[in-house]
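First to last, the protein sequences are chains V and A. Counting in our numbering, the first sequence runs from -19 upward without gaps. Counting in our numbering, the second sequence runs from 20 upward without gaps.
Since the hints were derived computationally from the structure, they do not count as laboratory data. Small disclaimer: the values here were computed from a predicted structure and weren't measured. The beta-carbon is built from N, C-alpha and C at its ideal position, and this holds for glycine as well. One or more hints might be untrue.
Said to hold, decoys possible - Derived SDA-like pairs (lysine to any residue); straight-line CA-CA distance at most 20 Å:
(1) V:Lys85 to A:Thr338
(2) A:Lys346 to V:Ala81
(3) A:Lys402 to A:Ala368
(4) A:Lys321 to V:Ala81
(5) A:Lys326 to V:Ser104
(6) A:Lys111 to A:Thr54
(7) V:Lys85 to A:Arg339
(8) A:Lys110 to A:Ser53
(9) V:Lys85 to A:His253
Stated by the list, open to error - Computed far set for chain V versus chain A, every beta-carbon distance over 12 Å:
(10) Gly8
(11) Tyr25
(12) Ile55
Stated by the list, open to error - Listed next, with one range per pair, are the computed distances between beta-carbon atoms:
(13) V:Asp79 to A:Lys454: 22 to 32 Å
(14) A:Arg329 to V:Asp56: 24 to 34 Å
(15) V:Ala81 to A:Ser322: 23 to 33 Å
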Amino acid sequence: MSKPVTIIMIEDDEGHARLIERNIRRSGVNNEIIPFTNGTDAINYLFGKDASGQAHKGEALLILLDLNLPDMTGIDILRKVKENDFLKCAPVVVLTTTDDAQEIKRCYELGCNVYITKPVNYESFANAIRQLGLFFSVIQVPQAAS
Amino acid sequence: MLVAISASSVILVNAARRDSGMVVHTVEAENQISTLLLEIRRAESAARAYMLNAQPSFLTEHEAAVAAIVPGLDKLADLTADNSVQVENIKKLRAAIATRMAEFAKAVGFVKQNDAPSAVAMLPQTGAGAAVQAIADISRAMRAEEDRLFIQRTRTADSTQQLASIVTVTGSGLVIALAGLSIFLVQRSSRARDEAEAQLRENNLNLESTVEERTADLREANDEIQRFAYIVSHDLRSPLVNIMGFTSELEELRGDIFRRIASLANDTPVVPDVNGELPEPALPEQDKQLSADFTEALGFIKSSIGKMDRLISAILNLTREGRREFKPVKIDTRDLIENIASTVAHQAAETETTIRVEPLPDIVSDRLALEQIFSNLIDNAIKYLKPGVPGDILVKGRTKMGFAIYEIVDNGRGIDPKDHQRIFDLFRRAGTQDKPGQGIGLAHVRALVRRLGGTMSVSSELGAGSNFTVTLPARWTGTNRDKQA
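Take these sequences, add in the hints, and give me the full structure.
As structure tokens, then:
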């Protein structure tokens, strides 16, 4: 890993964001987490001022994405990210309450890397997040296309 | 009206014929008068000739003529019997003719006795006698009378005929008028019918479009409810994740707090055991009570969250079912039920329940929906048995007028009739609440049956078993009022 991975967390519910963060930390992942509570801010950050995505060229990003956002759906963000030449290599983890099979299928079709349903059963949720942390620590997040 | 006209025209034609008959009669009477007069003249001239030369041939002729006079007179009397004036005249004529005949007889008698001069002396008498004069007068009178009658009757006949023709013409006119009227009426009524038909067609179209509109409205409303339920359950779930998450965090905190209290009280820190688990810290009595209260409170919160989550999941599943596309396929129902029975064989064996499946009508419907319907009903039957009585579940079916009717009959605890409606409502249950459940099964089953274009009902008494009847179209084509656009 030439450069530490930055985790972009797009989650409108602060409680969820806090829980996710805690569990990630608990699993021993200490990477920087940049939280966003709405889609617009996240898009602005990801794609930069010129909306080309060039701002993060060469950076290792991992995106944690909630599908239910106040200003847009996570699906839109997912599509945009996967259509962008500079961002499409960044892994996207969809984290949402929807366990609808069609929704999941759609996310995978659009190029989502992992899909995690937020369960009310906290243990399994914590486990999933921790495993995700382990996953982060073992995978080699690819460099964004240069 | 036409009958009246026909009758009157028949009557008038008859009258005209009778009048014509009268005219002919008058002519005949006149003719008879002439004939009679002719016969009298013949008798007279034959008598004169006989008187002059006493030849027997003239006598013969005279006698023939005399013989013809009386019948002629009788015939005339017959012909004119209907006329009192003529009857009177006939009487006079008869008398005059009798006188005249007597004169002839007398004259002929003279000739026969060869008393020619006496006979000849009677000649002028015979030519201009009172009797001759009377005959002439009477016959003239009769002729005049008959002429008068002739004119009168001709006139009557004419007028009758005229009347008849007027009536006939009027009748014909009326017939034509009536025909015209009826043609007009027929045309008008057919036009009215055409208009009514057009109106009906238009109304039908309107009705169709209205129905379509309403159906679209209903469908929209239904979709909206589905979306609403979906969104609400999603949005409810989101805070629930937080509540659950932070409750778990609290639980962790509780462990930390009481461990700290324990270590403060005991002066010995709590260390992980061999498995890396932290043991429950040994606490003084009052702290133990606090810990237990804490745990109890957290337990209630967690179980309530669990329950709420299941309810929300149930709503989500229902809305998801509502959105699933149904595919009609041919299903061997008996096979399907036996499969379900084999999946619940374990529970059935535990409760000594027998499941009997009678031959069932096959059906074209959605397989998954049918499986859910029957497995829910059979599950319920096994679940709600009468305590201490081995279960007996019978599945039977029949077809009726394009519908397949299935019955699931059990000998279980039964359902109070006042709860028959309630058990189909979401989250509502009936009877003793000693079995786990959310009160979703039957609501779900009924929603499915409705979507498949069928109906379902229950008949049951408390303690006397239940009978659930599911009526489904035998050949469901995937179209019904709830079909998604």
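Cross-check of the supplied hints:
no., hint, verdict
1, V:Lys85 to A:Thr338, "holds (19 Å)"
2, A:Lys346 to V:Ala81, "holds (18 Å)"
3, A:Lys402 to A:Ala368, "holds (12 Å)"
4, A:Lys321 to V:Ala81, "violated (27 Å)"
5, A:Lys326 to V:Ser104, "holds (17 Å)"
6, A:Lys111 to A:Thr54, "holds (18 Å)"
7, V:Lys85 to A:Arg339, "holds (15 Å)"
8, A:Lys110 to A:Ser53, "holds (17 Å)"
9, V:Lys85 to A:His253, "holds (18 Å)"
10, Gly8, "holds (15 Å)"
11, Tyr25, "holds (23 Å)"
12, Ile55, "holds (14 Å)"
13, V:Asp79 to A:Lys454: 22 to 32 Å, "holds (27 Å)"
14, A:Arg329 to V:Asp56: 24 to 34 Å, "holds (32 Å)"
15, V:Ala81 to A:Ser322: 23 to 33 Å, "holds (28 Å)"
Hint 4 from the earlier list is the only one contradicted by this structure; the remaining hints agree with it.
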